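Student: Chain residues, written in single-letter form:
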Amino acid sequence: MRHTITVLVENEFGVLSRVSGLFSGRGFNIDSLSVAPTNEDGISRMTIVTRGDEQIMEQISKQLNKLIDVIKVIDFTDESAIEREIALIKVTAEDESRAEVLRIVDIFRAKIIDVTPRSYTIEATGSPSKIDAILELLRPLGLKELVRTGPAAIGRGAKGWKG
Amino acid sequence: MKMNGARILLECLKLEGVDLVFGYPGGTVINLYDELFTFKEIRHILPRHEQAGVHAADGYARASGKVGVAIATSGPGATNTVTGIATAYMDSIPLVVITGQVPTPLIGNDAFQEADIIGITRPCTKHSFLVRDVKELATIVKKAFYIARSGRPGPVLIDFPKDVQIAVTEFKYPDTIEIRGYKPTVEGHPRQIEKAVGMLLTAQKPVIYVGGGVILGNASPELVELARKLNLPVTTTLMGLGSFPEDDPLSLGLLGMHGSYYANMAVSHTDLLVAVGARFDDRVTGKIATFAPHAKIIHIDVDPTSIKKNVRVDLPIVGDVRGVLAKMLKVVEMQVEKVADFRQSLQPWLTEIDEWKTKHPMFYKPSTSVIKPQFVIQKLRELSNPDAIVATDVGQHQMWTAQFFQFTRPRTLLTSGGLGTMGFGLPAAMGAQAAFPKRQVIAVCGDGGFQMNLQELATIVQNGLPVKICILNNNFLGMVRQWQELFFDKRYSQTCMELPIDFIKLAEAFGAKGFQATKPNEVAAVIKKGFKTPGPVIMEFKVAREEKVLPMVPAGASLTEMVLAS
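Chains as they are written, first to last, in the working numbering: chain Y, 1 to 163; chain E, 1001 to 1566.
Just so you know, these hints were derived from the structure itself, not from any lab. Please note: incorrect hints may appear among the correct ones.
[Claimed, not checked] Quick list of in silico lysine-lysine cross-link-like pairs, DSS-like style, CA-CA up to 25 angstroms:
| no. | chain 1 | residue 1 | chain 2 | residue 2 |
| --- | --- | --- | --- | --- |
| 1 | Y | K66 | E | K1183 |
| 2 | E | K1338 | Y | K66 |
| 3 | E | K1066 | E | K1205 |
| 4 | E | K1309 | Y | K62 |
| 5 | E | K1308 | Y | K62 |
| 6 | E | K1308 | Y | K72 |
| 7 | E | K1438 | E | K1066 |
Since we're looking at a predicted model, the values are computed, not measured.
Let's have the full structure, built from the sequences with the hints guiding it.
Tutor: What follows is the structure, encoded as structure tokens:
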């Protein structure tokens, strides 16, 4: 099953390699990983999308917690978090397909951020499934290049991660 | 007071209670060694190879319970420590390893003797630090020692660039440190502990399965008390040997691949397995699907990742094993009547175990013409002091030692259980002897493993460490040969050492003494002579070449599918 895990880490030298090395060394999957500093001094936040059964997820969570630089691990279940990611999509847009691309962009409330006579570059933001959906519609028109950030996740409700 | 980084490191070590380090100088630690030259509070032993230096620090730590410290230079010095670090990591041994590093402006430039040792050792250290600013040094050292010895212990590496060793700052050792991401759970949950005792007192066929955690956590007295109070049979892993006296009637000895018939039968028939400081290693469980098939499992461990990693667990208790066992004892003590009934109720189970013990005791076929390796181990036990420390290499001799030495005290067996590192025995014995100059320290080696670190004979002789080295010489890499005999149709591919080594002359070349036994009736005399001769001694025993370690559970088979000695 797909899981989105948030890992709060010390913003220390080598912390990314400790986390990614843990996944590769123990044979855990990483579908995506994003990391950036937070509002708190010295703390960075990773969002990792991974897959595994209950036992594997428990191990992933425990093993992450075991790393000295890891401050907190949150394994979000589907309803407890909001996920957003950005995709930058370069799509072929010539003649009649130009209008079709624009329609799709409009429906998904995406943005055109670069234009040439033969292409559009689109910025789409949303849940990973929304990104999947727009890509599905654009793919037949000719995807030239795609970059996804991987999702960032935050818990629902008034509480911050410290509770 | 202002001082340079090199001096600060030594002051920190002193304040951490370090009185002995094993280290090897080189270009990027030359400043550190220059400070050491006049720093008399710390003794330094120079091994002949950095790997052995780390094994020695490891042996020192295993025998004494203190944190072992090793130093190496950058590049090849640092990479030579890797096997030593990985060995300590797998067995959860507290070490602080200090490596020199090229000056910070050169890091990443492929400088002379540069290696990314933090990157290389990342998967086999508990944690590591690169000291980039001399102002951080004291805090880093304090953190390193705290991390190494607390929770589930392990090796911590400090990578120490040359320019930081030279840089000067005000030295102040912090009184406390705060690591927000590291708060090991040491107190076992009281309700879980009560539940565990409840499960124990209703079990009909309980077994305690003890791992190295009981030794690392100094919980042997509590374990022995609990087992004796409740009449509980105890089996130990290789790492747990010594935590429960093997001459106690409740002892089942070793379990697993080369464990006793009765230990494996007991685990296969138990209805409640209490794992204490053990991690259900594949060499212990055999085929997981059929391991302890009738049992509920209670798992006590300080490391939450060990729990439910390999097997299902019915009742987990995360905490320091000593504290948890002590609390279990308290709960038990409040139920005197129940305990008396419980002890009674275990009689049929203990009888069943006794029958297994009688049916298939730990056994080998004695010989009057050729030396049986098991016989040497038994004689070593008989003729050595009760508090003798035994370090082993890895292979057949290691298993025979585990099966036949009969360990009765914790921290008397030093062996590479997890990583299975050949070449560990001699340097580990050296470290233990340095920790306890007056105790008898025996290195039990095969001829293969001994040759992996035999250069340490020089260190042992130079430092007057009276290690008694027992070589069980079968001129084979015996354990691999055994597998080839059993599973590869006796195709002895590259396991015969062919070239016979004159170990007696070798001992003499290093300034040690050497004695040899070639017949069974010479064994006792050689051991006696070896023990009586002052200083380091090699005792070489030409043993039965194709003797097998039995019983044996083939890899991947169930514990009940043992090949027994006939």
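Student: Decide, hint by hint, whether the structure agrees.
Tutor: Do the hints match the structure? See the list:
Between Y:K66 and E:K1183 the CA atoms are separated by roughly 9 angstroms; this keeps the pair inside 25 angstroms, and the hint holds. Under the criterion of a C-alpha separation no larger than 25 angstroms, the hint pairing E:K1338 with Y:K66 is inconsistent with the structure, at around 39 angstroms. Annotation: proposed proximity of E:K1066 to E:K1205 is violated, straight-line Cα distance about 37 angstroms (limit 25 angstroms). Of the supplied pair hints, the one linking E:K1309 and Y:K62 holds, its CA atoms being roughly 10 angstroms apart against a limit of 25 angstroms.
Using a Cα cut-off of 25 angstroms, the hinted pair E:K1308 and Y:K62 holds, with the two alpha carbons roughly 11 angstroms apart. Between E:K1308 and Y:K72 the CA atoms are separated by roughly 21 angstroms; this keeps the pair inside 25 angstroms, and the hint holds. Between E:K1438 and E:K1066 the CA atoms are separated by roughly 18 angstroms; this keeps the pair inside 25 angstroms, and the hint holds.
Of the numbered hints stated above, those contradicted by the structure are hints 2, 3, listed in ascending order.
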